[in-house]
Amino acid sequence: SLVIRRNINVGDKYTFVNIGTALDFIQHAKKYKYELLAKVKGLDNITKRQVILEGSVYDVILKPHKGIFSLLIDTGGVIYTIGGYRAFIEDISAQEVTIEVTDPVQGYLSKNSNLQ
Numbered sequence: 130s131l132v133i134r135r136n137i138n139v140g141d142k143y144t145f146v147n148i149g150t151a152l153d154f155i156q157h158a159k160k161y162k163y164e165l166l167a168k169v170k171g172l173d174n175i176t177k178r179q180v181i182l183e184g185s186v187y188d189v190i191l192k193p194h195k196g197i198f199s200l201l202i203d204t205g206g207v208i209y210t211i212g213g214y215r216a217f218i219e220d221i222s223a224q225e226v227t228i229e230v231t232d233p234v235q236g237y238l239s240k241n242s243n244l245q
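First residue of the sequence shown? That's 130 in my numbering, and the numbers climb one at a time after it.
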């Protein structure tokens, strides 16, 4: 579904099971200077264990012609790459991505995130 600016509210959380939709939302929100926090549930591509990562949205990498759709999150000094279902290049293969919209000041205080 198309997300328009009036649908993005500080404090709201948006959950996605498709990485492409999540990345579209993130790009749209970033265009309007929103700070974003992410919570990712997925599979570590090295250990094959279920993981949950939380942090600030760092960047988005979109290269559709190469099949690369990645989210980068900063978990407090460590940046992880997040891909979609069956990702193998990225660190984590995401099953669910939740994005919390914060104001610019709160966006830098990811340890105070309300993501649960």
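Bear in mind the hints are in silico, worked out from the structure with no lab data behind them. One or more of the hints may lead you astray.
Stated by the list, open to error - Taking lysine to aspartate or glutamate and the EDC-like style, the derived pairs with C-alpha atoms no more than 16 Å apart in a straight line are:
(1) K159 <-> D173
(2) K160 <-> E183
(3) K162 <-> E225
(4) K159 <-> D232
(5) K159 <-> E225
(6) K168 <-> D141
(7) K170 <-> E225
(8) K168 <-> D188
(9) K168 <-> E225
(10) K159 <-> D188
(11) K162 <-> D188
(12) K170 <-> D203
(13) K192 <-> D141
(14) K142 <-> D173
(15) K177 <-> D153
(16) K142 <-> D232
(17) K192 <-> D153
(18) K160 <-> D232
(19) K142 <-> E164
(20) K160 <-> D173
Results for each hint:
The suggested pairing of K159 with D173 is violated, with an alpha-carbon distance near 27 Å, which exceeds 16 Å. Distance hint between K160 and E183 is unfulfilled; the C-alpha atoms sit about 22 Å from each other, more than 16 Å. Between K162 and E225 the CA atoms are separated by roughly 24 Å; this puts the pair beyond 16 Å, and the hint is violated. Only pairs whose Cα atoms come within 16 Å are accepted, and K159 paired with D232 is accepted, the gap being roughly 11 Å.
For the given pair, K159 sits about 20 Å from E225 by alpha-carbon distance, which is inconsistent with the 16 Å threshold. Taking the CA atoms of K168 and D141, the gap is about 13 Å. The hint holds against a cut of 16 Å. As the CA atoms of K170 and E225 are separated by approximately 5 Å, the hinted pair is consistent with the 16 Å bound. Of the pairs offered as hints, the one joining K168 and D188 holds, with about 14 Å between alpha carbons and a cut-off of 16 Å not exceeded.
Using a Cα cut-off of 16 Å, the hinted pair K168 and E225 holds, with the two alpha carbons roughly 8 Å apart. For the hint pairing K159 with D188, the CA-to-CA distance comes to about 10 Å; that is within 16 Å, so the pair holds. Between K162 and D188 the CA atoms are separated by roughly 13 Å; this keeps the pair inside 16 Å, and the hint holds. The straight-line distance between the Cα atoms of K170 and D203 is roughly 15 Å, inside the 16 Å bound, and the hint therefore holds.
In summary, the hint linking K192 to D141 is not supported, as the alpha carbons are separated by about 28 Å, beyond the 16 Å threshold. For the given pair, K142 sits about 24 Å from D173 by alpha-carbon distance, which is inconsistent with the 16 Å threshold. Between K177 and D153, the direct Cα distance comes to roughly 27 Å. Violation of the 16 Å bound is thereby established for this hinted pair. Between K142 and D232 the CA atoms are separated by roughly 13 Å; this keeps the pair inside 16 Å, and the hint holds.
With a CA separation close to 13 Å, the supplied pair K192 and D153 stays within the 16 Å bound. Note on K160 and D232: the hinted pairing holds, with a Cα-Cα distance of about 14 Å set against a maximum of 16 Å. A threshold of 16 Å between alpha carbons decides the hint, and for K142 with E164 the separation of about 12 Å falls inside it, so the pair holds. Of the pairs offered as hints, the one joining K160 and D173 is violated, with about 30 Å between alpha carbons and a cut-off of 16 Å exceeded.
Violation of the numbered hints given earlier is confined to hints 1, 2, 3, 5, 13, 14, 15 and 20; the remaining hints are satisfied by the structure.
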